[in-house]
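Engineer: Chain by chain, the residues run as shown.
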Amino acid sequence: MKIITRDQRLVTRAYWMVSHRWLAILVLAAFAWLGKNILNVEIRENTLYLLAIALIIVNLLSLWLLEFITNKKGINLYRSVRFVIHFQLICDLIIITSILHFTGGISNPFFIIYISHMVISSILLTRTGAFIQTTLALLLFGFLVFSEYYGILPHYCLCVEKVINHELYQDPYYVLKTYSVFAFSSYILVYVTTSIGHRLRSQEDKLTVALGQIKYNEELKNKYVLRMAKDILKHEAVIGTNLSILTEKDATQPKENSKRLIESSFRRSQLITNYIKEILYLTSIKLSDNMRKQIISLGDIIVEAISRQYELAEEKDISFELNLDESVDKYYANKTLFENIFKHLISNAIKFSGTKGQITITTKEKLRKIVIEISDKGPGVPKEELKQIFDEYYRAQDVKETEAKGFGIGLALVKEAVKKHDGEIRAVNRPEGGITFIIKLPKQ
Amino acid sequence: MEQKKILLFADDPDLLFAYKTILTDNGYTVSTATNASEVETLLQLSSYKLALIDSIKESKYGGCDVFKNIKKIKPEIPVISLILCNIITTDIPEDDCSQADIFIEKPVIAKELTEAINYLLSKDVE
Chain A
1 MKIITRDQRL VTRAYWMVSH RWLAILVLAA FAWLGKNILN VEIRENTLYL
51 LAIALIIVNL LSLWLLEFIT NKKGINLYRS VRFVIHFQLI CDLIIITSIL
101 HFTGGISNPF FIIYISHMVI SSILLTRTGA FIQTTLALLL FGFLVFSEYY
151 GILPHYCLCV EKVINHELYQ DPYYVLKTYS VFAFSSYILV YVTTSIGHRL
201 RSQEDKLTVA LGQIKYNEEL KNKYVLRMAK DILKHEAVIG TNLSILTEKD
251 ATQPKENSKR LIESSFRRSQ LITNYIKEIL YLTSIKLSDN MRKQIISLGD
301 IIVEAISRQY ELAEEKDISF ELNLDESVDK YYANKTLFEN IFKHLISNAI
351 KFSGTKGQIT ITTKEKLRKI VIEISDKGPG VPKEELKQIF DEYYRAQDVK
401 ETEAKGFGIG LALVKEAVKK HDGEIRAVNR PEGGITFIIK LPKQ
Chain B
1 MEQKKILLFA DDPDLLFAYK TILTDNGYTV STATNASEVE TLLQLSSYKL
51 ALIDSIKESK YGGCDVFKNI KKIKPEIPVI SLILCNIITT DIPEDDCSQA
101 DIFIEKPVIA KELTEAINYL LSKDVE
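Protein chains in written order, with this note's numbering: chain A, 1 to 444; chain B, 1 to 126.
The set of hints was computed from the structure by calculation and includes no laboratory data.
Misleading hints may appear alongside valid ones.
Sample of chain A residues facing chain B (criterion: CB under 10 Å; computed from the structure) [unchecked claim]:
no., residue
1, Met228
2, Lys230
3, Val238
4, Gly240
5, Leu243
6, Thr247
7, Asn257
8, Ser265
9, Arg268
10, Ile272
11, Thr273
All C-beta atoms, glycine included, are put in the ideal place defined by N, C-alpha and C.
All chains, please: the whole structure from these sequences, using the hints.
Structural biologist: In structure tokens:
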């Protein structure tokens with residue numbers, strides 16, 4: 001899937017203008033030659049050839065500018081390319097006005113060609129840019145027709161009798177009417193095309209962002225699967241190797257090593273089971289639409305979660321401080337999910353607390369929200385990782401081990417469970433050291 | 001008969017113990033190391049007939065560094081590398097640590113490992 005950015009799109013369009021200008025130059029040269037040699041029109045073909053050369057110079061200059069900009073590092077590509085487009089359009093308008101001047105002025109219906117540039121500027125530029133270009137076109141055209149009308153500039157006719165009325169440029173009614181209708185229609189046209197162009201551009205931008213996000217997520221998912229498979233296989237390697245040794249040993253005469261081999265296999269098998277359970281659990285939370293809810297006591301669930309892990313906490317001589325607000329104790333929620341929220345947060349707090357650490361759990365009401373805070377006095381988390389620790393895919397980029405040191409996908413699970421109750425969770429480092437997880441739930 | 005000495009590296013203590021069990025059960029003398037500097041010290045203190053390196057293709061476990069050290073200090077020692085899976089995606093450059101004499105995928109089957117060791121050691125005798 002190739003993603004084309006907004007800048008690349010503009011560069012492509014700028015080159016598109018250059019390539020179409022070559023065609024316009026050919027048409028202009030052919031028109032001059034045919035007019036003179038085949039149609040026998042009294043045309044100033046040498047002047048038209050000169051204007052074609054001017055267009056060639058403009059085009060070569062535009063090409064050079066585009067090459068220069070796209071190869072130059074450290075410049076704002078989008079703004080620079082827009083500058084080149086403005087440059088091309090201004091040169092085009094001056095040359096179109098000159099061509100018109102030498103081919104009959106307002107008497108020549110060719111003046112409609114201005115419209116093509118107004119449409120192009122509406123597509124490529126901002127609304128203001130398109131209106132500036134349109135106004136410039138109308139000023140140039142106005143300068144031409146009124147200068148010819150007042151005799152400031154000479155009038156050159158195309159001199160094809162009965163096809164074009166050459167006296168039209170001196171007809172004040174015709175000049176004024178044609179010019180005003182053209183100007184009015186031009187602004188309407190530019191307004192409509194810029195509106196459509198803007199809408200298309202913003203959709204295109206959104207699509208580009210979405211495609212980029214899809215690609216990024218796809219990559220993360222692949223890394224995640226790779227990591228997951230490696231994590232499982234790593235434990236399986238121990239179990240498999242141990243079993244291979246044990247099957248070769250004489251079962252009737254177990255050696256002293258056998259006990260340790262069996263123990264490590266059992267421990268590793270438990271790690272695999274827990275890991276797979278977490279993945280299953282996380283996925284099933286995400287997929288479940290209907291959760292069974294009941295009135296639960298936050299205090300009871302917190303105390304229960306602590307008592308389940310009390311042995312681990314005791315080993316490290318960790319103490320708990322509970323500041324539970326009775327008025328927010330009852331909550332209508334899914335019991336299993338809440339049990340898991342506290343199980344993971346308390347387990348993390350114990351894991352990252354040093355010996356004789358303290359874990360503080362607070363429940364309170366603040367700004368019509370139920371706020372639950374769980375703080376430890378561990379090392380905290382680097383600031384740049386704080387937002388990412390809840391991301392299940394984040395582990396794909398993490399080099400930490402699954403076994404004990406890293407957060408695992410426990411926090412992703414907690415985040416999903418909180419989200420299922422329309423709540424939010426964030427983590428902040430405490431100034432005095434350690435981390436606080438803050439859960440905010442809607443007050444019922 | 002002189003016992004053949006094998007240098008064993010693994011950063012995972014469970015795996016280190018399992019490999020050591022296989023080797024000692026088969027009559028080899030084993031020196032174990034869990035990081036690159038330990039390996040360097042062991043190489044300077046004693047001579048080994050063979051080296052067994054775990055996770056050579058994962059930079060974070062240090063297996064690749066150990067392999068490079070062995071090849072620098074005692075390039076004649078044959079190396080058996082135990083790898084998780086012969087996958088393409090690895091953070092180790094292709095040429096860096098892909099020159100071990102034998103690669104064995106984990107989980108290691110005790111019999112396969114001893115056969116591989118015997119094969120390399122018999123080559124050494126020749």
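Engineer: Each of the hints needs a verdict: does it hold here or not?
Structural biologist: Going down the list of hints, with the structure as the test:
no., hint, in the structure
1, Met228, "13 Å, violated"
2, Lys230, "6 Å, holds"
3, Val238, "5 Å, holds"
4, Gly240, "2 Å, holds"
5, Leu243, "8 Å, holds"
6, Thr247, "8 Å, holds"
7, Asn257, "5 Å, holds"
8, Ser265, "8 Å, holds"
9, Arg268, "7 Å, holds"
10, Ile272, "13 Å, violated"
11, Thr273, "16 Å, violated"
The earlier numbered hints that this structure contradicts are 1, 10, 11.
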